[in-house]
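S.K.: So you can see what is in the structure, the chains are spelled out below.
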Amino acid sequence: MTLRHLRHRHSALWLAALAHRLSGLALAVFLPLHFLTLGLAIRGEAPLESFLRWSDQPLVKLAESALIFLLMLHMFGGLRLLVIENLSWRDGQKQAATIVAGVSAAIAFFLLARMF
Amino acid sequence: MSLWRGGEKGRYETYKVPLRENQTVLDVVTFVQRHLDPTLSYRFACRVGMCGSCAMTVNGRPRWTCRTHVSRVATRGQLEIGPLENLPVIKDLTTDMRPFFEKWQQAKGAFVPSQTRGDEIERIRPDSPARIAADAAIECINCAICYAACDTVRWNSDYLGPAALNRAWTLVNDVRDGATSERLQAVAASGGCHACHSHQSCQELCPQQLNPTASIAGLKRRTMWAYLKGEI
Ligand code: SF4
Ligand code: SF4
Ligand code: FES
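Protein sequences appear in the order of chains A and B.
Numbering-wise (the numbering used here), the first sequence opens with residue 1 and increments by one.
Numbering-wise (the numbering used here), the second sequence opens with residue 1 and increments by one.
It is worth saying that the hints were derived from the structure and are not from the lab.
Because the structure is a prediction, the values reported are computed rather than measured.
Glycine included, C-beta positions come from ideal geometry on N, C-alpha and C.
All the given hints hold, so there is nothing to weed out.
Selected chain A positions facing chain B (Cβ under 8 Å, derived; list incomplete): (1) R4; (2) S11; (3) Q93.
Derived Cβ-Cβ restraints for the label pairs, each shown as a range: (4) A/L112 <-> B/T75: 38 to 48 Å; (5) A/N86 <-> B/Y12: 39 to 49 Å; (6) A/G92 <-> B/P38: 45 to 55 Å; (7) A/L22 <-> B/K229: 29 to 39 Å; (8) B/V112 <-> A/L6: 33 to 43 Å; (9) A/S88 <-> B/R154: 20 to 30 Å.
Using the sequences and the accompanying hints, generate a full structural model.
M.R.: What follows is the structure, given as structure tokens:
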């Protein structure tokens, strides 16, 4: 795909599909790391403790809320697709996709604010 | 303006054409062929948005060129016109539409009568839900703009594509048709309706303002129920 191809690929819905794909990939990469962390808890308190201390840094917190954003985006975006495919058609999908992004950002931002 | 010349491995070549009030993209392509280079190949027939043969990629976006005004799409007096994407290029602006139409056949896009000419003409209420669904999708002009715009077609050469599936949906809703279960089987197979990602690029760019995404979603539901009921 070249820049030429991107010229009709910038509508809200195309971007929503792209965001859905990328957030899915990012979550697939994140999940093993998440389980690794949970595994630390099984191995004893010390490794988990040191991990938790590491995760207390601002940059890590920022990354965590970005992950939450991706998770929400993927979940609500997936719900939007399920509605399209399983219920009768409703217009306003662009608005729906924008709301999905907005609500996801709001939730991630709320959690970020609470972490500090 | 620059026009794609040659086959699959061609290149864009530049031409100067007069800027006139009220001209379509098809008009300027025709100007090049009539006045600058008679070897230019392109397709058109009706020039009024009915036959679906004039679709090309105009400034990166698939469009029906006979109904697209230059003034609406030219950027800084420039146009770049190429053949439709997702189809093999024959020469210049003409693509080989065979894969597109073969997929209509694969999706069982031909009407299969369930009665004979000796039977009474069937009465169909225009306000019945099935007819409303069929009517909403029926005005396709086979221009392949949706097919050229669809990323799933690009990724998966077996995918039947928005237009063929949209056609299948109109027939599934046609009570006179006698091949519903074969058709549902055909569109539920690999490369059928379930391959669609509901991107809606097809709906966004269809010049007839049809909504193939909605038709395909309808097929997804219909095939799922037919499968659960053991009909396919
Ligand atoms: S909604 Fe389906 S058919 Fe339409 S462009 Fe997207 S993937 Fe293709
Ligand atoms: S569905 Fe629309 S874009 Fe696709 S072939 Fe038919 S008229 Fe053209
Ligand atoms: S020439 Fe027939 S649709 Fe454009």
